[in-house]
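Asks: Go by the hints and put chain E onto chain B.
In case you want the letters, here they are:
Number of protein chains: 2
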Amino acid sequence: MVLPPFAAIAKKERCALSPHADSTSHRATRDRLERLRALLRRDGLTGFIVPHADEHQSEYLPPAAERLAWLTGFTGSAGAAVVLPDAAALFVDGRYTLQAAAHVDPESFSREHLIENPPSKWLASRLRPGDRIGYDPWLMTAAEVRRLEAVCKAAEASLVPVRGNPIDRIWEDRPAPPLGAVSIQPADLAGEEAADKLARLRAGIAEARADAAVLAQADSIAWSFNLRGADIAHNPVALAYAILPVEGRPSLFVDGRKLSNSVRTTLADLAELHEPTEFTAALAALGHERRRVLLDPKSTSAAIADAVSEAGGTVVDGPDPAELPKARKNATELAGMHRAHVRDGAAMVRFLAWLDRTAGDGSIDELAAEAKLAAFRADTARRDGAELVDLSFDTISGAGPNGAIVHYRVSEASNRRLEPGTLYLVDSGGQYRDGTTDITRTVAIGAPSEEMRDRFTRVLRGHIAIATARFPVGASGAQLDTLARAPLWQAGLDYDHGTGHGVGAFLAVHEGPARISKAGTVPLEAGMVLSDEPGYYKAGAFGIRIENLVIVTPAEPISGGDRPMHGFETLTLAPIDRRLIDPALMTAAEIAWVDAYHARLVPALSHLLDAADRAWLDAATAPIASRQGE
Amino acid sequence: MVLPPFAAIAKKERCALSPHADSTSHRATRDRLERLRALLRRDGLTGFIVPHADEHQSEYLPPAAERLAWLTGFTGSAGAAVVLPDAAALFVDGRYTLQAAAHVDPESFSREHLIENPPSKWLASRLRPGDRIGYDPWLMTAAEVRRLEAVCKAAEASLVPVRGNPIDRIWEDRPAPPLGAVSIQPADLAGEEAADKLARLRAGIAEARADAAVLAQADSIAWSFNLRGADIAHNPVALAYAILPVEGRPSLFVDGRKLSNSVRTTLADLAELHEPTEFTAALAALGHERRRVLLDPKSTSAAIADAVSEAGGTVVDGPDPAELPKARKNATELAGMHRAHVRDGAAMVRFLAWLDRTAGDGSIDELAAEAKLAAFRADTARRDGAELVDLSFDTISGAGPNGAIVHYRVSEASNRRLEPGTLYLVDSGGQYRDGTTDITRTVAIGAPSEEMRDRFTRVLRGHIAIATARFPVGASGAQLDTLARAPLWQAGLDYDHGTGHGVGAFLAVHEGPARISKAGTVPLEAGMVLSDEPGYYKAGAFGIRIENLVIVTPAEPISGGDRPMHGFETLTLAPIDRRLIDPALMTAAEIAWVDAYHARLVPALSHLLDAADRAWLDAATAPIASRQGE
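Each protein sequence line maps, in turn, to chains B and E. First residue of the first sequence? That's 0 in numbering that gives the first Met the number 0, and the numbers climb one at a time after it. First residue of the second sequence? That's 0 in numbering that gives the first Met the number 0, and the numbers climb one at a time after it.
Where chains are identical, the list cannot tell them apart; a pair therefore holds if satisfied intra-copy or between any two copies.
Calculated lysine to aspartate or glutamate pairs in the DMTMM-like style (CA-CA distance at most 20 Å, straight line):
#, residue 1, residue 2
1, Lys196, Glu524
2, Lys120, Glu206
3, Lys152, Asp316
4, Lys537, Asp561
5, Lys537, Glu555
6, Lys537, Asp581
7, Lys120, Glu155
Bear in mind the hints are in silico, worked out from the structure with no lab data behind them.
Extracted from the complex, chain B is given alone in its bound form (with noise of 0.2 Å):
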């Protein structure tokens, strides 16, 4: 599952690439946007900031907080708008430029991108003075919010922050915030007490010269008190807030009806539990008492820190302290994490050998691939005696030039069969009570040309240049993300996304702060799990792209070397498609490494396949070398 290249767009991709919206719609947007300025009107606003946001920061939206695509029609996972009296704009990256202007009527939006002219500039050469642009601060991020408020200044306009989203005001049948149940992470899956956390968390604090930290992250609140909830697709995380003291118990804020008797036991040993509604008065409770407060400035809403500030408390700019910690796997989630990859390696030669037997005759559609593929999942975890919670992320099941589609969702308006002669490229995964997995493969259906066999190869190589990396200590994703992209450049190729993300353990499938890309710049760690996966994409003919994930392991000094090294170890378990990888194009080293990869599978996957399947992996993990010889 692919992360942009920039921090800027690293939101989730997704895309419903559904038919053009049709007039109904567009007149449902006119209207709302006539209402919503009405509403400005009333309240002395000039203009309104509408970002693709929730309250958490989170990368998924629970659907109360779509409030972007209620307004604009766009349902893409980052942009933002912003109206004015005589003029509004949607903002989108690259990615959605086609979508944008699918969905989003042209009268109502104009459409602008998101980063080369961004609402800051958008908005820079449209203010006038005493212009007043209102803006949610639960929605924006101090950063977010001190870099448009040097706009307005420059333009001698102001930027007021708006209590009570007016969106929500005009949006009548809003749905409800979610309440998903909450469940405890025992310390056998977690590999740690929530007390050992929240003590070693609190240390953290208290270097930070910080007399609290506040918490908004859902995933962060989730490691640090081993909770895990059901509140956003994908993702197995509760929304709530927290406040973690130096001194003293620490504060949840979570709905009560997501608790059953017991968790709520569990949760009130660790801290003392209040209702989402207290928050508020909590963080000016800190003020009143003059606490200097640890608030991550990148994923932590504005309003906190207004909150703490106005009440007289300082803010300390940090980052999250849950998110170093969290990162670093320890080794019982690492343990589950191996586990969670056999049974999910397993569902997808299952998927794969049944691919291999049916799609030859262009019989199978993307929809069908991607129902099977998750079938598989579900019936292999059942086989193992566990079970699939969720997927981790929206299947991309991308056929031919649908596969070019980095973000692409198939939906019954672009489905399209698995043609002989072509590519289909499926990225997907698993969330299971032990681990999180993400996982892509592209495999030829029929015959693949031979421009496809060089890409794949070279996409290959660059894969397996990171999988056999060796970085010293301190090195970052950044300084490892061209030896990725190296062997597509020499062919003057390249691709339009970072090489690597975090992924939590049974948690997000995207986790900072780590990631192989240009602006990685976050020293690797022992237990970092991180994707690896280059991809190429002709656009209109196929898209290509190999995704395993990572362990950082731990730094060693290697034989006759003078400095502590780090690598990686691959988790993935899953054959890559041999009949596209070309040997003379690599070296003895490379066709190796594909070969002991290759070899690692039937011995970690066989006991969760049948016999026919079984005979799949045994010829399609075959050497190389003897494949050649045949």
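Replies: Chain E in isolation, oriented as in the chain B frame:
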């Protein structure tokens, strides 16, 4: 000539490893420190900051600006001192720990690590409310002042700009500012008339929404006005300031004694000529006129920004407008660089052949080799009808373990013989009117060990990876740096300096803004000249570095590719010691690169060589493959 990996220590590395300081010099240090403290007391200051810097933020300092060396005895090229009433500290980076220990009185100055415990951090724990810390605003940039101001503010102390550096008031025999003669770089070498350059800069300044820019860096002024000077060792620049208004004529502030009548006439066509003493008044005049003045906060003294803003002007932060145009060499400059590299390569061949003939018996030492190389450079330039104006930096001539000292500078005390069974590392360059060179070769004296050949071959593979890299438009040096390190990383090895720096055209051998290092975020553009110089250093044993200069080639589509790519063309022409290459560790493509590179040398250099050296070069550049067959 290597740059360290971090921008913060990007000053030129020089180090005279002369004998330990004696008690006389320690007594002098104590006396000077006492007099400085007395002066500070009289002026009502608690402390004072003494950076290694001049009024132009030059890399090499004129003797008059060596205040840090005068006060502390430390002659390294990067560092700072802070003097308090009861404590004083000298801050140096890891390269200078030994030198500082040998030369600086430990009773006067504690030694601190410039990066890990910089002055701001050191001060933070020592400042008391009401303390007044002085600094010379001509010797610190606005960015540096902002950092220290924040520290002082947090401690309720104040940072006080001091007019008239206290060191200058107690340094009786302080040298006079340099008065090197200014010359004009003719358009047939510069490739563009100064008037046209100034018009281009004017457009850039207008684009930055400024009314004028101030140039303070000597090489920016030299490039913009097509002038050269002789104020600083190895840098053909004149210390000067310039004000470039969008409307009206530029002003150039340069000591009139440096100008001949004809130079004065040429420059007076381009600009109003003023004495440097008039500069501050001119800055104030910009302020009085309420001008918006573009200043580079990372390379302009804080005093310049202060003078503008205190008089009512507005400072616009932005990069030096000459920085990028200067880095993108035009066709004439590149032709000159090529000519300079032919001449310089022939000198290197004469030197390497001489070394090969004479050094095997251990009779040559580092000083003799350095002198011989300088003589070959001067003589070869004469043969070519040209002139060696200067070396482009102090030659690094390191035998055996001295080669492992990255910033080594040979002295009588450190001088070693080139012994059989060791490596000799020589990093050197020339300043010619048509170009600047910078080359490192590592030579086997007698038979090298297997370890030396392994390490050399890894360094060479990294060098080749950069030389043959293709990279998309917009890619930066940070994205390439790892390609040079990967062969070493695989063996648990690395080097602690950047892979490459920009090089000027008859200008500074270290030129911004692009570089190949993890800090090199500036996109590479066609015409930029960079060094490619990976290395490996085994402390106490040997050092290896292989350095060529390369030109970024214009972005062109590669056949079959789908986006335009940049690449590099190698400028430097001198053989790489094949006795140190282990072809068994290389790919066929890498061996072919070495052979193709070597095949360029005889045709390019022979006309400047005598028969014996031609024969030597013939043998030294024979293909590796055929040598294997020997």
